[in-house]
Amino acid sequence: MRSRLPVVLVLPAVIGLVFLLVPLAGLLINAPWATLPAQLFSQEVGQALRLSLICASLATVVCLVLGVPLAWLLARSDLPGRGVLRALVTVPLVLPPVVGGVALLLVLGRRGVVGQYLDQWFGISLPFTTAGVVLAEAFVAMPFLVISVEGALRAADPRYEEAAATLGASRWLTFRRVTLPGVMPGVIAGTVLCWARALGEFGATITFAGNFPGRTTTMPLAVYLALETDPDAAIVLSIVLLLVSVAVLAGLRDKWISGPS
Amino acid sequence: MKRVLVLTLLLAGCGSPAATSTGGDITVFAAASLTESFTKLGTAFEAAHPGSKVRFSFAGSSALAQQINQGAPADVFAAAAPANMKQVTDTGAVTATPATFARNTLQIAVPRGNPGRVTGLADFAKADLKIALCAEQVPCGAAAKKVFEAAGVKAAPDTLEQDVKAVLTKVSLGEVDAALVYRTDVKAAGGKVEGEDFAEAANAVNDYPVAPLAKAPNAPTAKAFVDFVLSGRGREVLIEAGFSAP
Amino acid sequence: MTLQAELRVERAGFTLDLDLAIEPGEVVALLGPNGAGKTTALRALAGLLASTSRIRHNGSTWDGLPAEKRPIGVVFQDYLLFAHMSALDNVAFGLRARGTRKAEANAVALRWLDQIGLADFAHARPRRLSGGQAQRVALARALATSPELLLLDEPLAALDASTRLRVRSELGRHLQDYPGHTLLVTHDPLDAMVLADRLVILEHGRVVQQGSPRDVVRQPRTDYVAHLVGLNFYRGVARGTEVLLDDGGTLSIAEPADGPVHVVFPPSAVSLYPAKPAGSPRNTWQAVVSGIEQHAHTTRVDLDGSPSVLADITTATVAELRLQPGDALWVSLKATEIHTYPR
Chain A
1 MRSRLPVVLV LPAVIGLVFL LVPLAGLLIN APWATLPAQL FSQEVGQALR LSLICASLAT
61 VVCLVLGVPL AWLLARSDLP GRGVLRALVT VPLVLPPVVG GVALLLVLGR RGVVGQYLDQ
121 WFGISLPFTT AGVVLAEAFV AMPFLVISVE GALRAADPRY EEAAATLGAS RWLTFRRVTL
181 PGVMPGVIAG TVLCWARALG EFGATITFAG NFPGRTTTMP LAVYLALETD PDAAIVLSIV
241 LLLVSVAVLA GLRDKWISGP S
Chain W
1 MKRVLVLTLL LAGCGSPAAT STGGDITVFA AASLTESFTK LGTAFEAAHP GSKVRFSFAG
61 SSALAQQINQ GAPADVFAAA APANMKQVTD TGAVTATPAT FARNTLQIAV PRGNPGRVTG
121 LADFAKADLK IALCAEQVPC GAAAKKVFEA AGVKAAPDTL EQDVKAVLTK VSLGEVDAAL
181 VYRTDVKAAG GKVEGEDFAE AANAVNDYPV APLAKAPNAP TAKAFVDFVL SGRGREVLIE
241 AGFSAP
Chain F
1 MTLQAELRVE RAGFTLDLDL AIEPGEVVAL LGPNGAGKTT ALRALAGLLA STSRIRHNGS
61 TWDGLPAEKR PIGVVFQDYL LFAHMSALDN VAFGLRARGT RKAEANAVAL RWLDQIGLAD
121 FAHARPRRLS GGQAQRVALA RALATSPELL LLDEPLAALD ASTRLRVRSE LGRHLQDYPG
181 HTLLVTHDPL DAMVLADRLV ILEHGRVVQQ GSPRDVVRQP RTDYVAHLVG LNFYRGVARG
241 TEVLLDDGGT LSIAEPADGP VHVVFPPSAV SLYPAKPAGS PRNTWQAVVS GIEQHAHTTR
301 VDLDGSPSVL ADITTATVAE LRLQPGDALW VSLKATEIHT YPR
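The listed protein sequences correspond, in order, to chains A, W and F.
The opening residue of the first sequence carries number 1 in full-length UniProt numbering; numbering runs sequentially from there.
The opening residue of the second sequence carries number 1 in full-length UniProt numbering; numbering runs sequentially from there.
The opening residue of the third sequence carries number 1 in full-length UniProt numbering; numbering runs sequentially from there.
Since the hints were derived computationally from the structure, they do not count as laboratory data.
Backbone N, C-alpha and C define an ideal beta-carbon position, used for all residues, glycine too.
Treat the hints with caution; some may be incorrect.
Some chain W residues close to chain A (C-beta under 8 angstroms, calculated; not the full set) [what the hints assert, rightly or not]:
1) S57
2) G60
3) S62
4) D128
5) A132
6) E175
Only some residues are given here: those of chain W computed to face chain A with a beta carbon under 8 angstroms [to be verified]:
7) A135
8) Q137
9) A150
10) K154
11) D158
12) L160
13) S172
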């Protein structure tokens, strides 16, 4: 039998839901539905959307490749100053993204601490490139993944890793076959957050990678600039971004859920 | 503290006849490029009109116009372009005739030392130089477009920034070799950015209109502030900031 | 080839100092109260814990080897089956980790599952298995790699009483077939008695007694062991047929002895009377009831006196005496029930 839901929980829950959804409804109500299809299939929107999806996905891959091991290090090692390190990892969360973008320029820009050598030795210049967009998005989104995975790792029972060791598994095999599958829900949650954050990234991207159609103009940048002259177009772009991200996330979710459990 | 308050009240109560109708708070919505100069003007205005207090909201002109149209309780709107002023006159949020109080022209901005050896507008077509412009959607970008068209230069920008400040950040960090921004912006950036005038700038002079709002909560002071901006004292401050007189 | 281990682990406020020798095919049970260092010893043997231990086997030394390099199999207390793998993959994991090809590892694993009667569950996830089934899979997983040393950490503790009985006897069968060395860590004396060839009793990180289950049961050497095997236990000094107990009291014994001795007798040998009994028993003394505990078919009475004593009496006697804590009674004990052995 289902017990009745307590009002003290339901009421704030409903208010919370309304609070999150009403601005969305505002967008939908004000959408210029008549011109929507034309806007939707315009070349610029398609270009920005494709770039957004590609960059956010690549940034997520970067975050996974670097962030999962980092989370493991924070959760499992007995590194000195681990608490400080853990706090530092969250810096991109509290840093205004624009400041993050400037920080990236100072390091990886043409005259940056590292960037000047990339430029001199390899002729690589990251600002104003698609790679720069990926980098900026990864910088801002990585903490979401790291925090999520680290939390899962810390909650996971390390004795399973010991059990694997007694069965002859190396630490790498243990990580791959035992630890990682054990924290998969955390990794997935982190990946989703990370991807969503990367998809909506604006400040660090425009500051570090600039804005050039087809190369660095992602949807949020297109939305922002459209807002300058054509608020209707901005709404359309926002809705497109929204629908696509919801569709992607919902699609993946179904896949995960229907997968072998 | 209390004494100061009493003094202020006294002054407010027995000022000159012209000042009796003004006083109290006003809110001025002003284009972001006016931040430095209008802050100065506000202080001067408050000194000249005891009892008055000027609050500013600096942001992109377009965003401000939208806020005004959504009913934001502002008294004065100073825009960076006539187009933005038109956004509010179209809806009736401004009924008075806007007055042009300042002009701004473009300058070539280069990092200190001019590492890209940029000497004129033609250099903006060079592919090996990193070039930043404002996006066409924002006033400085629209102006740049006009200038390039007039000069017959096909600019090859690497980035189209969302506002002037973003462009200046990239110039001052040396990430780009040249950019087109307003003179006032070069001036505000201090020594980190060097400005070069160029002849074609005359093709895109940017007029700054100002007007009191139709529903200004404090109409007399709003009117007084607009007058002050248009006065000789106001002009002085604006020219100091790099603007030219209309 | 005997497995020789000198286990030394130092931790704040605790030192483990345990020498173990386990013969091939032998099952040694490490028994002790909580905190005695049983699990620490197991972890030191498994290489899961940094220590200065020395382990030699078959001419080679395991010193400093990490767990994954040791030829061991471990059954953990709550089995630690990998939840995202099927039973088959769990059993095959050790072989795969040690480089066996997938097909071959699966074949071996399936044979093991068949042997423990769980072939039908090869593709089931651990959470679909009952406690007993999970225990068997854990055992199969540990044995599938044919380890030299099998370590069992409280292998039956997570099971309910009825399952436990069945799984215990089954485990016993598998241990009999297993040719390697087995160390069983447990705090359950029954598990130890049934499964082990030899008991090693650990208290405060040191061995206090070891021997065959039979010897340990008959001649406990510490209060803990006596408690485990359910005997009244005293230290004393014998002079012929009299034993002067260290903690007060004197007992008459049937077989004469001399010198420091341990004295034991079962609680069931003790009788209780409301008044001083007349007649044959040579040991009678007065004691006060301090606790009453109902067991399956008897009642255990805790009595304070000189000496203090545990008595198992029938429920009928409880009713007859109308026992209450605080009651003063007469304790009676036949001398022939008392067993002494040198300290």
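Results of checking the hints against the structure:
no., hint, result
1, S57, "violated (17 angstroms)"
2, G60, "holds (7 angstroms)"
3, S62, "holds (5 angstroms)"
4, D128, "violated (11 angstroms)"
5, A132, "holds (7 angstroms)"
6, E175, "holds (5 angstroms)"
7, A135, "holds (5 angstroms)"
8, Q137, "holds (4 angstroms)"
9, A150, "violated (21 angstroms)"
10, K154, "violated (15 angstroms)"
11, D158, "holds (4 angstroms)"
12, L160, "holds (5 angstroms)"
13, S172, "violated (10 angstroms)"
Going down the numbered hints, you'll see the structure goes against 1, 4, 9, 10, 13, while the others check out.
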